[in-house]
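The chain contents come next:
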Amino acid sequence: MQYITLDTETDFDGWRKAARSLVLHHVTPTDVTWTVQGGEAELFAPPAPSPILEVNDGTFNVSAKFVDLAQAAILHCDPERFAILYRLLFRLKDNHDLIEVATDPDVAQVTAMARAVHRDEHKMHAFVRFREIGRERAAHYVAWFEPEHHIVELAAPFFAKRFADMPWSILTPDLCAHWDGHALSFTPGVSKSEAPGEDRLEETWRRYYASIFNPARLKVKAMQTEMPKKYWRNLPEASIIKPLIEDAERMTGAMIAKAAADPHKPQKRPEAPMTRKPAADDLDALREEAAHCRACPLYKDATQTVFGEGPKDATIMLVGEQPGDKEDLVGHPFVGPAGQMLDRALEEAGVDRKTVYVTNAVKHFKFLPRGKIRLHQKPATPEIKACRQWYEREVSAIQPDLIVAMGATAAQSVFGKITPVGKTRGRLIDLPDGRKALVTVHPSYLLRLPGPEAKALEYQRFVEDLKIAAALQKKTPRAA
Amino acid sequence: MDVQRKLEILADAAKYDASCASSGTEQRDSSDGKGMGSTAPGMGICHSYAPDGRCISLLKVLLTNACNYDCLYCVNRASSNVPRARFTIDEVVKLTLDFYRRNYIEGLFLSSGIIRSPDYTMEQVVSVARKLREEHHFRGYIHLKTIPEADDALIAEAGKYADRLSINIEMPEETSLQQFAPEKDVRAIRRTMGRLRLKLDEAEDSRSAKTKAKPQRFAPAGQSTQMIVGADGANDHTILRTSANLYGSYRLRRVYYSAFSPIPDASRALPLRAPPLLREHRLYQADWLMRFYGFDVGEIVDDSAMLPLDIDPKLAWALRHRDRFPLDVNRASREELLRVPGFGTKAVERIIATRRATTIRLADLARLHVPRHKALPFIVLSDHRPAPHRLDAAGLIERFKPKATQLGFGF
Ligand code: SF4
Numbered sequence: 001m002q003y004i005t006l007d008t009e010t011d012f013d014g015w016r017k018a019a020r021s022l023v024l025h026h027v028t029p030t031d032v033t034w035t036v037q038g039g040e041a042e043l044f045a046p047p048a049p050s051p052i053l054e055v056n057d058g059t060f061n062v063s064a065k066f067v068d069l070a071q072a073a074i075l076h077c078d079p080e081r082f083a084i085l086y087r088l089l090f091r092l093k094d095n096h097d098l099i100e101v102a103t104d105p106d107v108a109q110v111t112a113m114a115r116a117v118h119r120d121e122h123k124m125h126a127f128v129r130f131r132e133i134g135r136e137r138a139a140h141y142v143a144w145f146e147p148e149h150h151i152v153e154l155a156a157p158f159f160a161k162r163f164a165d166m167p168w169s170i171l172t173p174d175l176c177a178h179w180d181g182h183a184l185s186f187t188p189g190v191s192k193s194e195a196p197g198e199d200r201l202e203e204t205w206r207r208y209y210a211s212i213f214n215p216a217r218l219k220v221k222a223m224q225t226e227m228p229k230k231y232w233r234n235l236p237e238a239s240i241i242k243p244l245i246e247d248a249e250r251m252t253g254a255m256i257a258k259a260a261a262d263p264h265k266p267q268k269r270p271e272a273p274m275t276r277k278p279a280a281d282d283l284d285a286l287r288e289e290a291a292h293c294r295a296c297p298l299y300k301d302a303t304q305t306v307f308g309e310g311p312k313d314a315t316i317m318l319v320g321e322q323p324g325d326k327e328d329l330v331g332h333p334f335v336g337p338a339g340q341m342l343d344r345a346l347e348e349a350g351v352d353r354k355t356v357y358v359t360n361a362v363k364h365f366k367f368l369p370r371g372k373i374r375l376h377q378k379p380a381t382p383e384i385k386a387c388r389q390w391y392e393r394e395v396s397a398i399q400p401d402l403i404v405a406m407g408a409t410a411a412q413s414v415f416g417k418i419t420p421v422g423k424t425r426g427r428l429i430d431l432p433d434g435r436k437a438l439v440t441v442h443p444s445y446l447l448r449l450p451g452p453e454a455k456a457l458e459y460q461r462f463v464e465d466l467k468i469a470a471a472l473q474k475k476t477p478r479a480a
Numbered sequence: 001m002d003v004q005r006k007l008e009i010l011a012d013a014a015k016y017d018a019s020c021a022s023s024g025t026e027q028r029d030s031s032d033g034k035g036m037g038s039t040a041p042g043m044g045i046c047h048s049y050a051p052d053g054r055c056i057s058l059l060k061v062l063l064t065n066a067c068n069y070d071c072l073y074c075v076n077r078a079s080s081n082v083p084r085a086r087f088t089i090d091e092v093v094k095l096t097l098d099f100y101r102r103n104y105i106e107g108l109f110l111s112s113g114i115i116r117s118p119d120y121t122m123e124q125v126v127s128v129a130r131k132l133r134e135e136h137h138f139r140g141y142i143h144l145k146t147i148p149e150a151d152d153a154l155i156a157e158a159g160k161y162a163d164r165l166s167i168n169i170e171m172p173e174e175t176s177l178q179q180f181a182p183e184k185d186v187r188a189i190r191r192t193m194g195r196l197r198l199k200l201d202e203a204e205d206s207r208s209a210k211t212k213a214k215p216q217r218f219a220p221a222g223q224s225t226q227m228i229v230g231a232d233g234a235n236d237h238t239i240l241r242t243s244a245n246l247y248g249s250y251r252l253r254r255v256y257y258s259a260f261s262p263i264p265d266a267s268r269a270l271p272l273r274a275p276p277l278l279r280e281h282r283l284y285q286a287d288w289l290m291r292f293y294g295f296d297v298g299e300i301v302d303d304s305a306m307l308p309l310d311i312d313p314k315l316a317w318a319l320r321h322r323d324r325f326p327l328d329v330n331r332a333s334r335e336e337l338l339r340v341p342g343f344g345t346k347a348v349e350r351i352i353a354t355r356r357a358t359t360i361r362l363a364d365l366a367r368l369h370v371p372r373h374k375a376l377p378f379i380v381l382s383d384h385r386p387a388p389h390r391l392d393a394a395g396l397i398e399r400f401k402p403k404a405t406q407l408g409f410g411f
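Those sequence lines, one after another, are chains A and B. Going by the UniProt record's numbering, the first residue of the first sequence is number 1, and it counts up by one from there. Going by the UniProt record's numbering, the first residue of the second sequence is number 1, and it counts up by one from there.
Please keep in mind that the hints were generated in silico from the structure rather than gathered at the bench. There could be a bad hint or two in this list.
The list that follows gives simulated cross-link-like pairs (lysine-lysine, DSS-like), each with its CA atoms no further than 25 Å apart [what the hints assert, rightly or not]:
(1) Lys300(A) <-> Lys199(B)
(2) Lys372(A) <-> Lys346(B)
(3) Lys401(B) <-> Lys374(B)
(4) Lys214(B) <-> Lys34(B)
(5) Lys34(B) <-> Lys372(A)
(6) Lys34(B) <-> Lys160(B)
(7) Lys221(A) <-> Lys131(B)
(8) Lys131(B) <-> Lys326(A)
(9) Lys160(B) <-> Lys372(A)
(10) Lys385(A) <-> Lys326(A)
(11) Lys221(A) <-> Lys401(B)
(12) Lys230(A) <-> Lys192(A)
(13) Lys219(A) <-> Lys374(B)
(14) Lys199(B) <-> Lys161(A)
(15) Lys94(B) <-> Lys131(B)
(16) Lys219(A) <-> Lys401(B)
(17) Lys210(B) <-> Lys161(A)
The shape of chain B in the complex, shown without the other chains:
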């Protein structure tokens, strides 16, 4: 089988993994003239976008899509009829370097089906990274998938080469994982996440310690995970609770939500409907509220335990808490401003800097990049005060609902 065909099979097999980012690592480049590559601190670079709206920043492939396990939601499960392929270590190394040289990618995201044993599989995955770093002095981004319960020494080595490590929790609840992936063990996954966190903490401590010893390197872009949404019956509250727990327990940088996607050759136990992309989007918004806006899981979701699909979760929260509004933009605290629908973190910073020097008026909203339509019922400005009945009106929500439109391709 030629490399192009393998690439088709092994990229296809990797496309259901939502993690794609190349962000958050240390700054490196190759200006010493040895080897190639660099990383952008902070935000990564997306080199292309696929028609599914997702960014392509890494060569995202599996080392092999053969797998001993039979997880129902996975296209690569042992009982699936998809064609199988396996890259050699050198093939992945060469593809990465060739693509990188042409500026198609920021680096490599490597995962693998589990073959023989977790240790054997992990060793293969680590070998690719080792070769890229040590033989080719590749300085680009590397994200490796960690195999649960792989040997500690292999995990330490993976962290030495990789920018990010990840291990997928897969399902929001243990019971669903038992149902869909009977051979996977949530405890094993959690234990591995726990080990990763301990190593990340150690590396951080060694960086801040005032010793002469070279700080230990371990996955500077941290760890992330993915949860499949919509394959089981878990509600949004359960999903977000699981995320909050994962963020707190293992210091994850990101939890990726992947709307369950119909897969070729799917098992009968799975839903075959189109993926609830909007639900996935709302979960990302809610996740964002937890991480950057100081919201608690319990505040984000109401008694129905599901996020509304027609409006975003912050707006939904504001509509449930009308008694806290309208807020005076020229006086309110940062925490309060962050809870106004349409106010992003950057807009709030701009507002706070601006109001030190001058009063904010209605006409200023556009320059502060705040959507008027969304914010106006909730705020007071020196020349704007929403009529009290507006905020109380039962019909307020209608104002925000999107008008029904035909879904099109935009061509």
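Chain A extracted, bound-state conformation:
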């Protein structure tokens, strides 16, 4: 039998050194007794602990996961923890992957211990309540806490980083931690009577606690799972929990019993800030009206109506299909990747983007939410029809000579019927009202094409189409 005595309850290095040597000497777990210096178990151990056996050349590796678990589990209050950890280590030596087997009893036990320690650490971070000693600049902040496991050293750095600019002490029966503004230090545990009994802010804190609680939603069990009663002793707010609960049902009952009041006269009713401003001219009025369109269900999920934009005296009107993700968020047409593609092509064709009016056949973004993205959906005929009123009214406000329909949805809107792009593309077509129409692809179609060659070819065709518009624009400059 080997008798190992560790220096302290949290002596991980001592345990590791001893365990390593024991494993290398093939000492089976049942042949080791672990004690801590000055601890109760030590009384039953022989007066002289076994010397740590010399380690011969052999080495072995354990996974980092075990080291993490062991470092936490060794802080557990269970006196058996050293032995349990050694048993697991002994088995890990020849079976490296065992640590991943969550169903193994040793792995499960060590994992549970580590978890309990981390939970206790987390609760210490949450439930320490400092009390101020002295005032303002010279103040020192002292807390009393009763951890379940040996976690003071583990939990202290958190407070040092958080409250770096104030001197504090956390007193516990186990060990006390101190921060002087520069360094952490530890002293032996003390009794509760050494800690300050109150703080001038506690009454304010209790008032806050009472006010933020909604008596209509009593869920005492949920509270207790997260804030077990064992911690209540040292929480200043805990003293009012019971009266609050007792009062809650009475209050809710009274609130419901009392007939709802008639609305009072508003104390002040200034102009609601979100109301619309009167529109300045026709196109603006139209835009304002369209912002409230409910003619089809597409408005429901979209952010906003994306209306056309451009000079009122434009001779060319470009019609796209519908706004995309970016357009929907920004509220302007053709600002996304397809918009950039369009800008580039217009420039190459010799059309100044600033001289054309750009709009979409359908003014709201249609999509399907898929997790964090929105999948673009093609508008259906009823939606295109419902939205056509806006297109028509834009045409009468702008009075363009040429309308360029980009893509099938746009063509359907411009011609009032389903119009395949392939057959009509690239030539001027007379519209019944005397304007001309030109059909081409939508720039986002170019973005979707596979392969750089196809892309370049189609892009060139698109530019050629736009050149027809450019030529027409030059021929019929609008009278100023």
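Chain B with the ligand: place on chain A using the hints.
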């Protein structure tokens, strides 16, 4: 009026907002010795719990509960008879720092009634954050409520100081908002959410860009929103559809569901019954299924368009899809395992790691932290196979229903 009294009024006025978390922000601390505070990456810290079961991690207050608007569901509406109060900027700053120093809180959640104009209100809210960050070098968590349609520059500044920004959608459907809050405009709320998302995206792009320029800071904990449940007639399907849309459109971190709570001095247009807390709980579970388990809204809710109250939505789904079960735990894919009642994401990870090394048996379920009772009818293990008639039995659902119990205080 003294600060304590103001605190009572302005915390009371804020308690119907369900957002409380202090999670998901960047890691910061004050170890440089300048100022105070730190943030926990990942999970935030709940410093206390109220008897309503909700965590208290932030000083959650309104700057003022005076409001120009008259939203019927809101205790602070213009026509409500509640006592009014208004904090000064310095009062909120001092309370935050004093509470923080004693380790009562993780930081501040600041909202406000809308006074004068959205810009004026937003400017006041931002001032508190600015003072905390720039004058006191406060490194704790700050959550600011964004006022719809406030000026872009103010929103940018808010995002510079705040960890999280939020703006409440309030109602699942536009029609209910029109009915209950005629002065609020869903489009304005959505437009503001859209602007927040664009700014969040920009900040993210600037972080991943390989330039030397300092990445732009904008609300590292993202944006969230709240929806009030049970004040209007919207069904669960509508509510979850709205959430899915909000998550997808604006990259929200969280949608909070707040069961409509009877409020003091309530308007006659509102229900006065106790809040449907269980319904709220089921909605959170369903929301969780959408975000972490790959469920679609359409799968979660059946034709009734309401979630069952007696069993959780995943179990309800499994009972509707018995043909997909039982699943062999030692063989099924991750996606399949995630759909087994009682299997959480962590348990599924443990199962996958474990089965690489060994076969999983009945006795192992406890160590994998899987509730046997719930999972057994749906799974096959090397030493367990549910009798085929069990899964087909019409009475299977009864097995899962909670036994009727007296609701008590647990004291
Ligand atoms: S898509 Fe067009 S018709 Fe439908 S709501 Fe929007 S603007 Fe109105």
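- Holds or violated: Lys210(B) to Lys161(A), with C-alpha atoms at most 25 Å apart: 30 Å, violated
- Message: Given the hinted pair Lys385(A) and Lys326(A), is their Cα-Cα distance within 25 Å?
- Response: 24 Å, holds
- Item | Proposed proximity, Lys401(B) with Lys219(A) (alpha carbon, max 25 Å) | 20 Å, holds
- Message: With the threshold set at 25 Å, check whether the alpha-carbon distance from Lys199(B) to Lys161(A) stays at or below it.
- Response: With Cα atoms ~30 Å apart, Lys199(B) and Lys161(A) exceed 25 Å; violated.
- Query: Keeping to a limit of 25 Å between CA atoms, is the pair of Lys214(B) and Lys34(B) held or broken?
  - Reply: 21 Å, holds
- Message: Hint check: Lys300(A) vs Lys199(B), CA-CA at most 25 Å. Holds or violated?
- Response: 23 Å, holds
- Item | Satisfaction of hint between Lys192(A) and Lys230(A), Cα-Cα up to 25 Å | This hinted pair holds, its Cα atoms lying about 15 Å apart.
- Hint consistency between Lys372(A) and Lys346(B) [alpha-carbon to alpha-carbon, up to 25 Å]: 22 Å, holds
- Task: For the pair we were handed, Lys401(B) and Lys374(B), check the Cα-Cα distance against 25 Å.
- Result: 11 Å, holds
- Query: Are the Cα atoms of Lys34(B) and Lys372(A) separated by 25 Å or less?
  - Reply: 38 Å, violated
- Restraint status (C-alpha distance of Lys94(B) to Lys131(B) at most 25 Å): Satisfied, since the Cα-Cα distance of roughly 10 Å is no more than 25 Å.
- Query: Are the Cα positions of Lys131(B) and Lys326(A) separated by 25 Å at most?
  - Reply: Distance ~34 Å between Lys131(B) and Lys326(A) Cα, so the pair is violated.
This entry does not satisfy hints 5, 7, 8, 14 and 17, going by the numbered hints stated previously.
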